[in-house]
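What follows is each chain in one-letter form.
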Amino acid sequence: MPSKYPFCRLKYTRSGAYEKHLRTAHAGLDIVLASTVQYINMESSVSDNPDASKRPDSDCKSDPGPAGLEPDEFCRDIAYEPDTEVLDDATSPSAGKQIHYEGAGQVIGDVDGFEHEYSTLCYNLWAPFNSEQGFKLASWFIEGKVCKSRINQYFSSGLGDAESVGYSSMHKLENYLQLLDPYSQYLQWFEEQVEDCQRTLPFFYRNVLDCVRYLLRQIAYRDDFVYVLRHEYDSTGQRIYAEMHTADSWWDVQV
Amino acid sequence: MSYQKNLTNFSGDKKAWPVYITIGNLPSARRNSPGSMAVLLLALLPIPPQLSKSSKADQRLRKINADTLQDVFELIFAPLQDVAHTGIAIDCANGKVRQCFPILSAWNPDRMENVALHRLKTNACPKREVPTHELGTNTKSHRTRDYARYQRYKPENQNSGSESDDDHIMCDNLGMGQNIFPRLNRVSASDLYKPDMLHTMYLGLFKHMMDWIEGFLKKHGRLQAFDDVWKALPPYPRFLVPKKAYHEVTQWQGKEMRNLGRCILGVLAVALRHPGGAQVIPFKRALGCVRVLVDFNMMAQYRSHTSHTIAYMEDYLDQFHMLKDIFLEFRVTKRTQDKVDKQRKEIQHQRALVIEPVAPSLWRRMRDDKRQEESDLCLDLVRGESHFNFIKMHLLSHFCHHIRQFGNIPMYSTEIGDLTHKTQIKDGWRQSNKNDAARQIVHSYGRQHAIRMRLLNLECLKCRNADLSGDVLHHLDRTASTVTAAAPVVRRRVLTGRREDVSNVVDFSRISGVSPETI
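Line by line, the protein sequences are chains B and W.
Residues 1 to 255 (the working numbering) make up the first sequence, in order.
Residues 1001 to 1519 (the working numbering) make up the second sequence, in order.
Label-pair restraints from in silico Cβ distances:
no., chain 1, residue 1, chain 2, residue 2, range
1, W, Lys1207, B, His116, 54 to 64 Å
2, W, Ala1029, B, Thr24, 25 to 35 Å
3, W, Leu1240, B, Gly160, 42 to 52 Å
4, W, Arg1303, B, Glu132, 33 to 43 Å
5, B, Arg14, W, Pro1182, 52 to 62 Å
Rough simulated footprint, nothing fancy, chain W against chain B, three-plus residues with beta-carbon under 8 Å:
no., region
6, 98-111
7, 226-235
Hints in this document: simulated from the structure, not taken from any laboratory.
Note that the Cβ used here is the ideal one computed from N, Cα and C, for glycine as well.
Using the sequences and the hints, build the whole thing.
Here's what the structure looks like:
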């Protein structure tokens, strides 16, 4: 054994403490682990061959499965080459070649007034609130689930400085919040009623298409969006199936 | 694009039926993380009243309800009907306009809702026409459900003696279904169903497997050993140490079951060590079966696959179907148990009628022989009557095909929908005055959504180094730290105190015989 800590004797009941112990006492643990795995594998590969009948899955001798798909062998592959593409993130640039669907995700124009919207957001971050404090207070009220009457009480009892935050009641705050989301018209709710046999039930829905528009419009996701579907291959030339855009069905529905 | 839908209970009889929507253009990791806000509430549906099964009037009502529900779905999804072919120009986040073809591609309800909506039989596969008695086999030869065909047979149902009677009867046996989105273009109803890790694996097969294992251990007298090892499991990063024996826990969550999948094989191997003479083969088979299922589950959790890993999954599934017979005798239904009891009584009755004079020296051996014979007969009966033909067993066979068609499996799990319930529905319900709650739920979440979305957008601007002033950056830093980093730290501190108290108790009962080497 190359390490002086092949099996640590210390015991921990908390995972945090154990993690810390691993970080501090076994800083070179990767090397240790790799070597122990090799060691164990060597042992098992030696012992496997003569008495394979002793292994728990040896009952199915009649159908040994496809050649070269022995589970142990697979584990060993991973242990020896921890950087195999199978375990890699498929989206990493090192993941071998990619084939893109031609013509997908083509840009057909620019959004009217996008630059204006973008710059408004950059220079007037807390709009429609007039100050950061106003936004922060509103966010605190809403995230803290303070009820309407309490918010009104807060201002009426003089605790809050209505002038610096820009609103003095829940009613005004709600108006601001409606303006806060520039695309809130996409998320409008519609109400309909269902005539059941015994009673009438209301139900609420949004426009599906507008929901899609809303999500596609958010700046927060702009770096993550995938517009072009592709086939990804790992370094050995095998196709990777990971996200929806790398799988077959998206290719099949293309017109 | 994918949709999720679940029925959720608030308290007592109060229910909500939300439908969520999200888009597939976002990578699954981003889309499914609760902080990313990418799952929008699409609708709050009316809940049809519960009707009894017996009376004919109620059956008619149920039919009307189902039709109404279909109308509601048609109303909601009407905007998608034409754009699937013609496309529509949509503004994108980077300031460009693209021609988009929004298509409904997934519909992830839990099992019983799928059954109710598609009007399938409880034991029918939503994807393929598999007869009930073949659910337990690893069959792939059956044809895909064609919901349009069922629609055609519907009118013929009324006038008997139509030309395609045989085909019709066959359809009826397999359970006809109904497409709930008949008007949506380029959407195939059988493809809408997506495998669900939470209900199929964790709360489905793992739970069944634990039942079998318990029966198996009880039969071989190893239950105590199993419980001892189970409670003495050492801690490991991201592994929850079980504090109770398996049978003491009344309800299991998906997270706990996932945890169980990590340790069950090791625990079972230790519990079954040093087998007696006749036990060697059954122990080996049981371990092999559990191992293959755990391996299959592990591979199904992968976020990316190659044809190599899919081949492994298929191989594991084949092996599982080959080895599962060792647990067959523990799938005893009540009816089988009754039959077994009846048979046993009959045998004893017959034996009482035939009285043979036996020498006292032979009496004991005769009695043992008879007992052996009796239990063998019972076991044969149990093996003959029991089967693995339940739906979750069959659903596993769709996993591999699904990966090739739609990508990895965990991203379609219903866990995501369940998580969204908490923030979008249940919190709103608690805040409301319970009077006309749906409206209040919708509005109260809308407020939160606006604020969080603005913060997310600002965060994104910060990452792209847009011109932001100093106090903005400061605020963002602070909000980010309170949202992500600070909360877990505090929680961990609270837990330490409690966990240490418990650990003493665990240590006390820890058995000394198990050393890490044996595991």
